[in-house]
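Please work from the sequences and hints to get the whole structure.
Number of protein chains: 2
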Amino acid sequence: MGRNAVRTIAPALYLIPSLLGEIPVEQVLPQYNRDLIIGIRHFIVEDVRTARRFLKQVEGSIDIEQLTFYTLNKHTKPDELAGMLVPLEQGEPMGVISEAGCPAVADPGSDVVAIAQRKGLRVVPLVGPSSIILALMGSGFNGQSFAFNGYLPIEQEERIKALKKLEWKVYNEDQTQIFMETPYRNGKMIADILKACKPQTRLCIASGLTTPDEYIRTLTIKQWKEQIPELGKVPSIFLIYK
Amino acid sequence: MGRNAVRTIAPALYLIPSLLGEIPVEQVLPQYNRDLIIGIRHFIVEDVRTARRFLKQVEGSIDIEQLTFYTLNKHTKPDELAGMLVPLEQGEPMGVISEAGCPAVADPGSDVVAIAQRKGLRVVPLVGPSSIILALMGSGFNGQSFAFNGYLPIEQEERIKALKKLEWKVYNEDQTQIFMETPYRNGKMIADILKACKPQTRLCIASGLTTPDEYIRTLTIKQWKEQIPELGKVPSIFLIYK
Numbered sequence: 001m002g003r004n005a006v007r008t009i010a011p012a013l014y015l016i017p018s019l020l021g022e023i024p025v026e027q028v029l030p031q032y033n034r035d036l037i038i039g040i041r042h043f044i045v046e047d048v049r050t051a052r053r054f055l056k057q058v059e060g061s062i063d064i065e066q067l068t069f070y071t072l073n074k075h076t077k078p079d080e081l082a083g084m085l086v087p088l089e090q091g092e093p094m095g096v097i098s099e100a101g102c103p104a105v106a107d108p109g110s111d112v113v114a115i116a117q118r119k120g121l122r123v124v125p126l127v128g129p130s131s132i133i134l135a136l137m138g139s140g141f142n143g144q145s146f147a148f149n150g151y152l153p154i155e156q157e158e159r160i161k162a163l164k165k166l167e168w169k170v171y172n173e174d175q176t177q178i179f180m181e182t183p184y185r186n187g188k189m190i191a192d193i194l195k196a197c198k199p200q201t202r203l204c205i206a207s208g209l210t211t212p213d214e215y216i217r218t219l220t221i222k223q224w225k226e227q228i229p230e231l232g233k234v235p236s237i238f239l240i241y242k
Numbered sequence: 001m002g003r004n005a006v007r008t009i010a011p012a013l014y015l016i017p018s019l020l021g022e023i024p025v026e027q028v029l030p031q032y033n034r035d036l037i038i039g040i041r042h043f044i045v046e047d048v049r050t051a052r053r054f055l056k057q058v059e060g061s062i063d064i065e066q067l068t069f070y071t072l073n074k075h076t077k078p079d080e081l082a083g084m085l086v087p088l089e090q091g092e093p094m095g096v097i098s099e100a101g102c103p104a105v106a107d108p109g110s111d112v113v114a115i116a117q118r119k120g121l122r123v124v125p126l127v128g129p130s131s132i133i134l135a136l137m138g139s140g141f142n143g144q145s146f147a148f149n150g151y152l153p154i155e156q157e158e159r160i161k162a163l164k165k166l167e168w169k170v171y172n173e174d175q176t177q178i179f180m181e182t183p184y185r186n187g188k189m190i191a192d193i194l195k196a197c198k199p200q201t202r203l204c205i206a207s208g209l210t211t212p213d214e215y216i217r218t219l220t221i222k223q224w225k226e227q228i229p230e231l232g233k234v235p236s237i238f239l240i241y242k
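Chains as they are written, first to last, in this note's numbering: chain C, 1 to 242; chain Z, 1 to 242.
Be aware that a few hints might be false.
[As the list claims (entries may be wrong)] Residues from chain Z shown here face chain C by an in silico Cβ test under 10 Å; the list is partial: (1) E26; (2) V105; (3) V112; (4) A116; (5) V123; (6) V127; (7) L134; (8) M137; (9) Q144; (10) T210.
[To be verified] Computed cross-link-like contacts, DMTMM-like style, restricted to lysine to aspartate or glutamate with a CA-CA straight-line distance of at most 20 Å: (11) C:K164 <-> Z:D174; (12) C:K169 <-> Z:D174; (13) C:K195 <-> C:E230.
Derived by calculation from the structure, the hints in this document are not laboratory data. Note that beta-carbon positions come from the ideal geometry of N, C-alpha and C, so glycine has one too.
Below, the structure is given as structure tokens:
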């Protein structure tokens, strides 16, 4: 086999992490991921346009026209999902790519993985950037017990209630609580956390992870109140702990 | 600067993931990690011997004798911890390496990160294999809400109680529950899960992640009872969901 020849890849559903921002691929993805990706012709993706762009970043010589894309998002119907796996059932390796970070974690993808598991098909998760794990590592908070809670309610009263419930778990279950917000509501989220939580509770804000603007800072609620950060519209993760 | 010259690395506490098994470095670590590692001379590590071996795997030409190692494990006293960061405070980049996977996640390391955060020192988490995230990706379970619970109690009655409490959270909080066990107790753990959980609850067993023996399988408790797996002493992660 030639040095640049495409390897024959074992049939499996490969879960392929993508980038968290405009950064070089080799900063956050192992070389191995590229070697697998160039052997895959069927991709289940959240958005075809960004998936194509990602694949081109991974390997400029990929002939996108030779690839087949299946769109998986919140509009995809359950019966469409099962149909997507036909190539894999016929022995073709397939890939799942989400918009940012790890497929099936805080992102669509888990439904199609569940179907693959039900059908007894092999599933292979690949290593890549998870903003949740990176934020947890950088926070200094309890990494022996932690929970990711996705998005909190938007309505303020309900959100304050949700934050207080998470803070209760911090103190009563000794569990780090992680959550996120759509970037344009970062400011609102910080204001609500500062309002809901005790002064001595610690808040870690992890913003723009893996990018040149990466910002990971842990302070108490009391300290944050004296220096409220301006995150702008950068994707951010929030963590609280005692 | 020559091609192989060591770059000057910005002073920060770099959190450096290590391997989950005997596999090539480029399978699970980005090239970028190596480029940073060769610029670091001070390492906080769980075990000096395995850290040296890991560094040699990352880059064979590293001169281990030129490096300084600080041991961080459960025997390390809090006042020793703060002292470890002196080189960083003097402008030297430092690295934290744990025994397997991501430092400060289900592993020591978070204490020293917390001190760095308190002192306002920059913390930079690097991408690498997290068995928790890989297992979650491969499980097909809810990735919008999940909790990692570390090790469960060893004593059977308490463990069954803990498992029932986690299963309660699955159904009442719609949250994937993740936990682990020391490899030589895998069989006992599986027996206890099958005993504690409802027949319709789904259990994912993720074993030997990233290694050639990787095994990730999701079945209901009822199905597992008909085909109890023999994991041997391979590091495994367990996940339950509805």
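Consistency of the hints with the structure:
Checking E26 of chain Z against chain C by beta carbon gives a least distance of about 4 Å; that is within 10 Å, so the hint holds. Using the Cβ-Cβ criterion of 10 Å, the hint placing V105 of chain Z at the interface with chain C is satisfied: the shortest such distance is roughly 4 Å. Interface hint at V112 of chain Z: satisfied, since its Cβ lies 8 Å from the closest Cβ of chain C, which is below the 10 Å cut-off. Interface restraint check for A116 of chain Z: the shortest CB-CB distance to chain C comes to about 7 Å, inside 10 Å, so the restraint holds.
Hint on V123 of chain Z holds. Least Cβ distance to chain C is approximately 5 Å, under the 10 Å limit. The beta carbon of V127 of chain Z comes within 5 Å of a beta carbon in chain C, closer than 10 Å, and the hint placing it at the interface holds. Below 10 Å, beta-carbon pairs count as interface contacts, and L134 of chain Z has one with chain C at about 4 Å; its hint therefore holds. Among the interface hints, the one on M137 of chain Z holds; its C-beta lies about 4 Å from the nearest C-beta in chain C, closer than the 10 Å criterion.
Interface restraint check for Q144 of chain Z: the shortest CB-CB distance to chain C comes to about 4 Å, inside 10 Å, so the restraint holds. Hint status for T210 of chain Z relative to chain C: holds, with the closest Cβ pair at about 7 Å, below 10 Å. With a C-alpha separation of about 19 Å, the suggested pair K164 of chain C and D174 of chain Z falls inside the 20 Å cut-off, and the hint holds. Between K169 of chain C and D174 of chain Z the alpha-carbon distance is near 16 Å, which keeps this suggested pair within the 20 Å criterion.
With a CA separation close to 17 Å, the supplied pair K195 of chain C and E230 of chain C stays within the 20 Å bound.
Checked against the numbered hints given earlier, the structure satisfies every one of them.
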